[in-house]
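*Asks:* What follows is the residue order along each chain.
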Amino acid sequence: MVFTDVAVVGAGPAGLSAAIECAEAGANVILIDENTKPGGQLFKQIHKFFGSREHHAGVRGFRIGEELLLRARKLDIDVWLNCEVCGIYGGTELWIVKNRRESRRLKARKIILATGATENAVAFSGWTLPGVMGAGAAQTMINLHRVIPGNRVVMIGSGNVGVIVSYQLLQAGADVIAVVEAAPRLGGYGVHTAKLRRAGVPFFTSHTVLEARGKESVESVVIVRLDEYWKPVAGTEKELEADTVCIAAGLTPLIELAMLAGCEICFIPSLGGHVPVHDRRMRTSIESIYVAGDIAGVEEASTAMEEGRLSGIHASASLGLYSADKEEELSHQIWERLDVLRSGPFGEGRRKAKEKIISMKSMTQ
Amino acid sequence: MNDTKKKAWQSEGVKTSGTPTLEELTQTPGFPSEEFLYAGPVAFIECVEKIPCNPCETACPRGAITIGDNITELPMLDAGKCTGCGLCLPSCPGLAIYVKDYTFEQDRASIIFPFEYLPLPKKGDIVEMVDRFGETLCEGEILMVNTSSRNDQTSLIKAAFDKRHFIGVVSMKRLVT
Amino acid sequence: MSRIAEHPILGPLKPSGREVSILVDGEEVIAYEGEMIAAALMASGRRVFRYTEKRREPRGLYCAIGRCTDCVMIVNGIPNVRTCVTPVEPGMIIETQRGIGRWGGGDHGIH
Numbered sequence: 004m005v006f007t008d009v010a011v012v013g014a015g016p017a018g019l020s021a022a023i024e025c026a027e028a029g030a031n032v033i034l035i036d037e038n039t040k041p042g043g044q045l046f047k048q049i050h051k052f053f054g055s056r057e058h059h060a061g062v063r064g065f066r067i068g069e070e071l072l073l074r075a076r077k078l079d080i081d082v083w084l085n086c087e088v089c090g091i092y093g094g095t096e097l098w099i100v101k102n103r104r105e106s107r108r109l110k111a112r113k114i115i116l117a118t119g120a121t122e123n124a125v126a127f128s129g130w131t132l133p134g135v136m137g138a139g140a141a142q143t144m145i146n147l148h149r150v151i152p153g154n155r156v157v158m159i160g161s162g163n164v165g166v167i168v169s170y171q172l173l174q175a176g177a178d179v180i181a182v183v184e185a186a187p188r189l190g191g192y193g194v195h196t197a198k199l200r201r202a203g204v205p206f207f208t209s210h211t212v213l214e215a216r217g218k219e220s221v222e223s224v225v226i227v228r229l230d231e232y233w234k235p236v237a238g239t240e241k242e243l244e245a246d247t248v249c250i251a252a253g254l255t256p257l258i259e260l261a262m263l264a265g266c267e268i269c270f271i272p273s274l275g276g277h278v279p280v281h282d283r284r285m286r287t288s289i290e291s292i293y294v295a296g297d298i299a300g301v302e303e304a305s306t307a308m309e310e311g312r313l314s315g316i317h318a319s320a321s322l323g324l325y326s327a328d329k330e331e332e333l334s335h336q337i338w339e340r341l342d343v344l345r346s347g348p349f350g351e352g353r354r355k356a357k358e359k360i361i362s363m364k365s366m367t368q
Numbered sequence: 179m180n181d182t183k184k185k186a187w188q189s190e191g192v193k194t195s196g197t198p199t200l201e202e203l204t205q206t207p208g209f210p211s212e213e214f215l216y217a218g219p220v221a222f223i224e225c226v227e228k229i230p231c232n233p234c235e236t237a238c239p240r241g242a243i244t245i246g247d248n249i250t251e252l253p254m255l256d257a258g259k260c261t262g263c264g265l266c267l268p269s270c271p272g273l274a275i276y277v278k279d280y281t282f283e284q285d286r287a288s289i290i291f292p293f294e295y296l297p298l299p300k301k302g303d304i305v306e307m308v309d310r311f312g313e314t315l316c317e318g319e320i321l322m323v324n325t326s327s328r329n330d331q332t333s334l335i336k337a338a339f340d341k342r343h344f345i346g347v348v349s350m351k352r353l354v355t
Numbered sequence: 009m010s011r012i013a014e015h016p017i018l019g020p021l022k023p024s025g026r027e028v029s030i031l032v033d034g035e036e037v038i039a040y041e042g043e044m045i046a047a048a049l050m051a052s053g054r055r056v057f058r059y060t061e062k063r064r065e066p067r068g069l070y071c072a073i074g075r076c077t078d079c080v081m082i083v084n085g086i087p088n089v090r091t092c093v094t095p096v097e098p099g100m101i102i103e104t105q106r107g108i109g110r111w112g113g114g115d116h117g118i119h
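Protein chains in written order, with this note's numbering: chain A, 4 to 368; chain B, 179 to 355; chain C, 9 to 119.
Keep in mind that the hints are not guaranteed to be accurate.
Claimed, not checked - Pulled a few chain B residues facing chain A out of the computed Cβ check, cut under 8 Å: (1) Lys228; (2) Ile229; (3) Ala274; (4) Thr325.
To be verified - Pair by pair, the computed Cβ-Cβ distance ranges are: (5) A:His335 - C:Ile108: 51 to 59 Å; (6) A:Phe270 - C:Gly74: 22 to 30 Å; (7) A:Phe270 - C:Glu27: 43 to 51 Å; (8) B:Cys316 - A:Lys218: 39 to 47 Å.
Unchecked claim - Under the rule of at most 25 Å between Cα atoms (straight-line distance), these lysine-lysine pairs were calculated in the DSS-like manner: (9) B:Lys301 - B:Lys336; (10) A:Lys40 - A:Lys77; (11) A:Lys218 - C:Lys62; (12) A:Lys359 - B:Lys228; (13) B:Lys259 - B:Lys301; (14) A:Lys355 - A:Lys241; (15) A:Lys329 - A:Lys77; (16) A:Lys241 - A:Lys218; (17) B:Lys301 - B:Lys351; (18) A:Lys40 - C:Lys22; (19) A:Lys234 - A:Lys329; (20) B:Lys228 - A:Lys355.
By construction, these hints were calculated from the structure, which means they are not laboratory data.
We put the CB at the ideal spot given by N, CA and C, even for glycine.
For reference, chain A alone in the conformation it holds in the complex (with noise of 0.2 Å):
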């Protein structure tokens, strides 16, 4: 049994964050994943982050993620990466399997849940055919393993993963044919769905695919029209030449670990489905145990920071590392950048999701 002040599970803009506030504040962390190097998804965004400087705005992901893993490897602190945490017991203690084979057991004062989120399905005929894959995982491919999917790529779903997605397959040298949008209006924002549409990428709103075609793997994409009750209009169905459909709709928090720990969940469409209910210091129903990032409600990389760096800083007041006043201090400049990551159009539902899920932790108290 090893024994550490701060577990955080997941290494990727939220994990980091939060392993980083805590070894700031003077706290012994393991920051553990079950991948062969940190950074989780923030290594395949390219494009640079929006925001105010504060938030790294104008700065690519991946270098926001060198940063990070700098930091922490200034701060030394101890990384487990190969490390598949399996089971979690009394709200303080992990079981991990390293490298498939090993088993340890870690006693955390307390744990950090940063295991963020997976990507969802959509499912219609031919869709288990090879070279039907999660926008995610194309992007995986190309910007971290830098090998090409496919040439000619539908994109379903036009929120801001399917829009940056597309962008980034042209970038890599594919062809995007065509994002199908089910919706009658565009997700993403603006400025996306304007780079793909000057580079000659057709957008298929109130349109869904029908069908993936081909015998071994994608060989062409039915797609067709949908009426306004969402239902697909006969004799609209185009049939399009591809090799590969990508899909974007949406990713579903990865809450297992904190299932398994007891802690109490509510569902929340609006960030993903069902998240674990969490108060303004991101600590759960157990006292012990924190969640910040995708694992906390579906938003973006930004956010997930953000929240790290808040989970980090409770989790070390919680052991006496800062006084009430300081962790008071230090959460307001976070809650403050925040709320901006959360204002207009775009961030006010969520915003709005994250104080209905904190209001539910204070009805419990």
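Position chains B and C against the provided structure of chain A, taking the given hints into account.
*Replies:* This is chains B and C only, laid out in the frame that chain A set:
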């Protein structure tokens, strides 16, 4: 505060076709007014949605771009202060700014736009200039390709093209390897 | 399906390791040590990684981050290995998996 800036802006074009219409753009505070449109190099800020973002404001050394404390406000261009230097172009994470100059030559206008594809064009190349829908409008001659590292892999391309397409042209067609 | 040698943002390809040879269904494939098996296979033009148990349908890469288990193959005799999160080692023996796969062969096989 300017009235157009206060207006709650909602672009229909960008939500249906992917790109704002010209009518919508002329009403946004980042688009140069008629008075400055044809008067020399000037920035066109095609930012039509209230997203929390403000790097363009601090990128401008002349204070020609204002967003203010509420960073979801649309950037407001004071075209009288803008010299068309292009420093704001690579600062925009949305690649939504370019500089055009109607007075470049007798028959040709010029444009500087951000470009993040390979292969890059070379000085002297003749390329296809496109509008917001990706439709080719005319040929363009590449005048400059700036790959300065301070722009972090966002290249700035300057091209000259037929003045008659001054309003329509926003970029160039991607080159094929 | 090919490697991205030059990228406008990420620059020239920086391989994860030296070039090594692996065996895929008996055919030699050149891969980079340390890259994910699935990446090496897709770079070589392979998209079908396994066939399902009942209907013998082809399956390939789907999530690329080790969650969906659609890309599992027999690696060094061990079936159900997630190729999207398993790094290439020199001389690896990789086989298309049929159904739930079978144990055996390779260095780690249980016979």
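*Asks:* Could you work out which earlier hints the structure fails to respect and list their numbers in ascending sequence?
*Replies:* 4, 13, 14 and 19
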